[in-house]
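Given two chains presented individually in distinct reference frames, assemble the corresponding complex, making use of the accompanying hints.
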Amino acid sequence: MGVDLQLWERTRSGDAEAFGDLYERHARAVQSYCLWRTADLQAAEDATATVFLEAWRKRGRLTLTTDSAAPLLLGIANNVVRRHWHSERRHRDALERVRNAGQLPDELEAEAIARVDAIRQLRDGGEAIRALPRREREVLALLAWSDLSYGEIAAALGLPIGTVRSRLARARTRLGDAFPDLTEPRPAEEAL
Amino acid sequence: MSKHEPDLSPLLPDEATLKARRRALVDAVAQGGPGRRPGRAWRRRGPRLALGAVMAIAAAAVALIVSAGGNNPPPAFAVEPQEGGGVRIKVYSLEDASGLERALAQAGIRSQVNWLPAGTVCRHEPHYTPSIVHLPGGGSFSGFEGSGPGRPMTISVATTKQARESFGRYRRGEISEEELANVTLDPRAFRPDQSVVLTGSPTPPGSVPLGVPAPIGAGPEGGSVSSVAVAEGPVEPCDPVPAPAYGIGSIGSAPGGEEAPGKATIAEASDAAAGPPPAPGEFLYAKTKVVQLQGWLPKGSGTRPAGPKDRPRYFTANLAGNPDVRNALVSTLKEVWTAPDGTTHVRETLGRVNFFSSADQRLWEEAGSPPPFSFDPSEKAVRRDSSGRLMKEFASKSWRGRQVFHNVAKLSQLPTGPEDLRLAIEHRDGKRPVDPSPARSHRGAVTAERLLEILSEPITSPALRAAAIDALAEMPGIGVERGVTDAAGRRGDAIVWPRELGYGREVIFDPRTSRLLADGEVLVKARAAGVPRVPDGSVFRVTAYLQSGIVNSKDERPHR
Numbered sequence: 140m141g142v143d144l145q146l147w148e149r150t151r152s153g154d155a156e157a158f159g160d161l162y163e164r165h166a167r168a169v170q171s172y173c174l175w176r177t178a179d180l181q182a183a184e185d186a187t188a189t190v191f192l193e194a195w196r197k198r199g200r201l202t203l204t205t206d207s208a209a210p211l212l213l214g215i216a217n218n219v220v221r222r223h224w225h226s227e228r229r230h231r232d233a234l235e236r237v238r239n240a241g242q243l244p245d246e247l248e249a250e251a252i253a254r255v256d257a258i259r260q261l262r263d264g265g266e267a268i269r270a271l272p273r274r275e276r277e278v279l280a281l282l283a284w285s286d287l288s289y290g291e292i293a294a295a296l297g298l299p300i301g302t303v304r305s306r307l308a309r310a311r312t313r314l315g316d317a318f319p320d321l322t323e324p325r326p327a328e329e330a331l
Numbered sequence: 086m087s088k089h090e091p092d093l094s095p096l097l098p099d100e101a102t103l104k105a106r107r108r109a110l111v112d113a114v115a116q117g118g119p120g121r122r123p124g125r126a127w128r129r130r131g132p133r134l135a136l137g138a139v140m141a142i143a144a145a146a147v148a149l150i151v152s153a154g155g156n157n158p159p160p161a162f163a164v165e166p167q168e169g170g171g172v173r174i175k176v177y178s179l180e181d182a183s184g185l186e187r188a189l190a191q192a193g194i195r196s197q198v199n200w201l202p203a204g205t206v207c208r209h210e211p212h213y214t215p216s217i218v219h220l221p222g223g224g225s226f227s228g229f230e231g232s233g234p235g236r237p238m239t240i241s242v243a244t245t246k247q248a249r250e251s252f253g254r255y256r257r258g259e260i261s262e263e264e265l266a267n268v269t270l271d272p273r274a275f276r277p278d279q280s281v282v283l284t285g286s287p288t289p290p291g292s293v294p295l296g297v298p299a300p301i302g303a304g305p306e307g308g309s310v311s312s313v314a315v316a317e318g319p320v321e322p323c324d325p326v327p328a329p330a331y332g333i334g335s336i337g338s339a340p341g342g343e344e345a346p347g348k349a350t351i352a353e354a355s356d357a358a359a360g361p362p363p364a365p366g367e368f369l370y371a372k373t374k375v376v377q378l379q380g381w382l383p384k385g386s387g388t389r390p391a392g393p394k395d396r397p398r399y400f401t402a403n404l405a406g407n408p409d410v411r412n413a414l415v416s417t418l419k420e421v422w423t424a425p426d427g428t429t430h431v432r433e434t435l436g437r438v439n440f441f442s443s444a445d446q447r448l449w450e451e452a453g454s455p456p457p458f459s460f461d462p463s464e465k466a467v468r469r470d471s472s473g474r475l476m477k478e479f480a481s482k483s484w485r486g487r488q489v490f491h492n493v494a495k496l497s498q499l500p501t502g503p504e505d506l507r508l509a510i511e512h513r514d515g516k517r518p519v520d521p522s523p524a525r526s527h528r529g530a531v532t533a534e535r536l537l538e539i540l541s542e543p544i545t546s547p548a549l550r551a552a553a554i555d556a557l558a559e560m561p562g563i564g565v566e567r568g569v570t571d572a573a574g575r576r577g578d579a580i581v582w583p584r585e586l587g588y589g590r591e592v593i594f595d596p597r598t599s600r601l602l603a604d605g606e607v608l609v610k611a612r613a614a615g616v617p618r619v620p621d622g623s624v625f626r627v628t629a630y631l632q633s634g635i636v637n638s639k640d641e642r643p644h645r
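Protein chains in written order, with our numbering: chain H, 140 to 331; chain B, 86 to 645.
Same shape as in the complex, but just chain B (with noise of 0.2 Å):
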């Protein structure tokens, strides 16, 4: 607690308040207080989300569901006229493509079908040009992703009132959800060279392609990773060829598209994924190299260095407000081993310490070259390691090794389609889908984090992971680095996501098998963060995830 916090006693319920407002308070809820009528929030949200889910209506689990076969195939597709005009297209297989194409342009609409076999995507990923149709309605449909076992992929081709009365009738409870199409095209939105491309392929049971969205604990019956897209002038030929691990959104095409990963890309895969939490009597090992932007005072500037005078601190928690701190970025290298109940041994080993300019490391030179403030050799459990590299060693009790071990089960459960894993965080699963939120409104944030978070954990799989990837991609405001360089120098792709005050969240990623590399905090405006002397770009607090495994003791470390 704090030493400036005033006695609050005065101020706090003395024991018969507190009963009596319990009382009060338990009468309250238990008579129907708020959040008793469920259903009303749904109401109320409803007329904001009619448009958008008549517009382009991705329900939760957007699936296609595979057949099972038999010796009486049912039909691949069913085509329903609908009351009052339009037809429904019910998508049972993904046979019969040239059917289909044929049934939607009997209704109006250009298609291009691709079901291809399990496992593929198109070579070319997007082989179109993308495009949007405007709905006369206002609003505008450029396509979705989604993945997983459920109800079949109905096409609903209608006026946007036709499609807008049908949706009144759901609302109204008149209709049931399985009689709304997943997807409602409008045939007077379309210009004379837009067309619509249909991509899917099934996931079989117990065959889940690695790193491709698909369920997990999908039922017998498999699942589907599907895709529909607006697309605009020519539409190439879908060349299918095997997924890489990777997920197929927003970001663009794997590289190294035109040959897909082989057996090696996959087994890296699968390496990357840590795995199920330790057992009692071992240790999950995670090895990590931090480096942070720290503050230090050149010998001689006007300001006295903290610490005792004999033992002067140059280097400083203060960054900015102070023009004589100049600014110095720290590597550490950071071994932690956590045991099942969450609690950590933790072992740090200073590494560079790296200047702006040689100048300032002049400076660092001439005072001595201190140790960073956390190194202090007159810090507890900081001492010198056989090659002479000032480090520490210390137990914690984590929080974070216990929220870990939580997660494995949340995680678990969580989809593996972009826009399935942003509903599902949202709370959105089962309702309306809606675009992803602009990150920099309070909503999108939260989600940006939420995602943040799961490619953050150890123990993500690499299919959640690439959809966590696509789903940050997919949302306003956050952008996709290719070719950027990790804190331990490797090479991959990064998601910026520019926060406040100059400061932008990084996670860089291989781009081959989704495994995050690095996560951390950039400069993106030096001068707003208030560290002119520090360039645009510069690291501000970076993790570099360099290994992990599962161990049997505090002094040992996973084989490569």
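Isolated chain H, as found in the complex (with noise of 0.2 Å):
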């Protein structure tokens, strides 16, 4: 059984701890996608932070169909970035906990250069992935923006796998040129 079922199963049976190992494995790959989905580090942090408490909440009913949590996640972090769930009261305190943990005293000036620069990037090359309707957009930024295949985007969607190919499809239609590197299916992966 792969770590992340071990540390799943544990975190359905109410182990907080294990709950905070998943955290540690996956937190920053959450929020690198939800960076890329908002461009917007203050909602990129209180969206990861909601994931997580999602995840809890949810956890009696989520099960794992793949041998790590990130589809899970990022499932749950694409609902969250859509429905603006961080906006919600539901999670209000624990949010403010989570965030406040992660207060750095003073910034140097490089590195909030450096985090504006990024946001800056940001802004500009997801411009035009955000601009695709809203299923094409998810499933093309998971592709774009997480290590998951295919399957692992079907299962992170919870679609079949073969909608998701099928809307990776339009969505290079309509790019075009604009992502190169992700116009060209993955030939690896276009088994049945």
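By construction, these hints were calculated from the structure, which means they are not laboratory data.
Please note that a few of the clues may not be correct.
Facing chain B, a subset of chain H residues (Cβ under 8 Å, in silico) [what the hints assert, rightly or not]: (1) S152; (2) A155; (3) F158; (4) A166; (5) Q170; (6) L203; (7) G297; (8) T302.
Where chain B lies over chain H, by a calculated footprint (3+ residues, C-beta under 8 Å) [said to hold, decoys possible]: (9) 172-183; (10) 191-200.
Estimated spans, in silico, between C-beta atoms of each pair [claimed, not checked]: (11) D206/H <-> E180/B: 50 to 56 Å; (12) F441/B <-> G199/H: 35 to 41 Å; (13) Q145/H <-> Q498/B: 21 to 27 Å; (14) G253/B <-> G153/H: 29 to 35 Å; (15) A480/B <-> D206/H: 18 to 24 Å; (16) K246/B <-> Q145/H: 50 to 56 Å; (17) Q145/H <-> R575/B: 45 to 51 Å.
Every value quoted in this text rests on a predicted model; they were computed, and no experiment measured them.
Even for Gly, the Cβ is constructed at its ideal location relative to N, Cα and C.
Take a look at the structure:
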């Protein structure tokens, strides 16, 4: 049994430390994805915390269908970003605590510049993809900004793999040459 | 990873921050953060569900327990007067149909009760005109179907007010779920020409008829298939015939309902289920024909083809947005051998390239009949087979294979009645049922996707497939087309689900066996999809399932 599967089973039985381990393993990937989707640091941090709070809240109902917990967490992230759950009151107190725990005392100027720069690149780089219709955008964003395979994207979004492929095909059609590395199918993944 | 990706590290938490946040998160959830109070969601949902539950209560397993018999058989049913008025009729066994009709009549409801032998259905389905009763308090009831083992069927005949009161008492915990009726009917809601048709047949232990919705792993008491429906006008007598290998859902009668299918059909149906996953050393073989809409650029058009100058690539992944792009349907024969660990060996052979006009075909031939991009001879693994056809062969670590085998256990646990299946998928087992959500709603779309996923699993049993088809057909916004032809030229019925942007999902199945023939996406409105040269109804990407079975090596194909 994979590490994530074990951690998730323990999480399901109410083991908060196991859940903490999952957080450490995947928080950066979730935050990266939320950054790409929102191009806003504050929103991405709130969304990341919300993803884990939602995962905990729904732990009894969620089953890992993949070896890694990333598809499950990124699937929740997709919903959180889409629905702006971070503005919901449900997790307000917990969100405050998680966010404050991460506050840095004083930012160095160089770091601040690096952040602003990264945010600007995010905004420019993701613009074409953010302009796609939602269903295509979600699939393509997961393909581009996470390490998930087609199958794991399908698991993350709760879609059949065929639908993932056809949405990607349509997204590629629309993007044309804007993202050449995304507009060619992955040959190794083209199995049944 | 995309090469467009900027360095995100300034925006990600460093190790210390990550640890601090982990601590805060663990503290927050361990101290009764979200989700620590089970039942809260249920209570919130209560008022919204109450109405539907009172109008048409079908428990997750609406079932008739068939009594095992004995020297002193218990009564087939019991009539219990209820506090505050009305009666509750508990059905214990599928006997004494006329007695049950009389009891219902005394309570104010006209009825026809058909208790049928196991594995049979009424010859004409339906043998009455379906109708709806509008209830004084709002809502409506047209009937439901169920199957499986479970508590006795209970029919409450009471006014809507009484039914609401009893549901309120249930919600406050004053009465148990057992004391709530499966079905509540208000006599005042019925017009004089309306009546109730009850149909049921037992599924004796160990002899579950193939293709009939029935419990998997039914208890020793057996289970049943049952339906309650509202009819208007005269109700024909029910003439029992062997059940076809087909659900009793709302698609309509099984074709050939006049003559029930014989043994040949049942053998075919069991063939259609691929059965258990391959054992170590074995492979699951699957042969499919894939037809996909592709784009290509005629020679001499304004757009320069991609690829190196000496080997231009006329086919393109860009279908829309370029007026020079023509379209063609490319078919590929795909064979996949999946090992138990999920790794696959794939062989694809290029089939015909079909054009939408002879002028398009001429242009293509003038360009030297270039192959579709995935079969470009410069591509890795592309070669010609002994007949000169372009083909490619490659190994793949397919997630799909792993998922198929992972699903075996899950699939065998799913109920095989259409409504039960939908409720199980929506995680409403054991809760009050609700009508299917429209396919265009978020919840409906998720349900429909999952049902389609069940259908496209090669290991899904015929009974489960029939239930999935019926459950899909019952969803508002999903249509059924009879007598369509799939990509391999076979006749079948189709489930059509129009999706966004002119695309539609289409699933073609054999109505006799519920076997899946083909599955894919079609262009319902080609113009809306951005390919105006293509006629409406054309294929976008379809897979026709041709053959599957267990083989012993990667060169072997199953015997027919």
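Here's how the hints hold up against the structure:
1. S152: Violated: closest Cβ of chain B sits about 13 Å from S152/H, beyond 8 Å.
2. A155: 4 Å, holds
3. F158: 6 Å, holds
4. A166: Hint on A166/H: holds, closest Cβ of chain B at ~6 Å, below 8 Å.
5. Q170: With a closest approach of 6 Å, the Q170/H hint holds.
6. L203: Interface hint status for L203/H: violated (10 Å vs cutoff 8 Å).
7. G297: 6 Å, holds
8. T302: Constraint on T302/H satisfied, holds at 7 Å.
9. 172-183: It holds, with 3 qualifying residues against the three required.
10. 191-200: holds (count 9)
11. D206/H <-> E180/B: 50 to 56 Å: 53 Å, holds
12. F441/B <-> G199/H: 35 to 41 Å: Given about 52 Å between the Cβ atoms, the range is violated.
13. Q145/H <-> Q498/B: 21 to 27 Å: 23 Å, holds
14. G253/B <-> G153/H: 29 to 35 Å: 33 Å, holds
15. A480/B <-> D206/H: 18 to 24 Å: Once the Cβ atoms are compared, 20 Å apart, the range 18 to 24 Å for D206/H and A480/B holds.
16. K246/B <-> Q145/H: 50 to 56 Å: Roughly 54 Å apart at Cβ, these two residues keep to the hinted range, so it holds.
17. Q145/H <-> R575/B: 45 to 51 Å: Cβ of Q145/H to Cβ of R575/B: about 46 Å, so the range 45 to 51 Å holds.
Violation of the numbered hints given earlier is confined to hints 1, 6 and 12; the remaining hints are satisfied by the structure.
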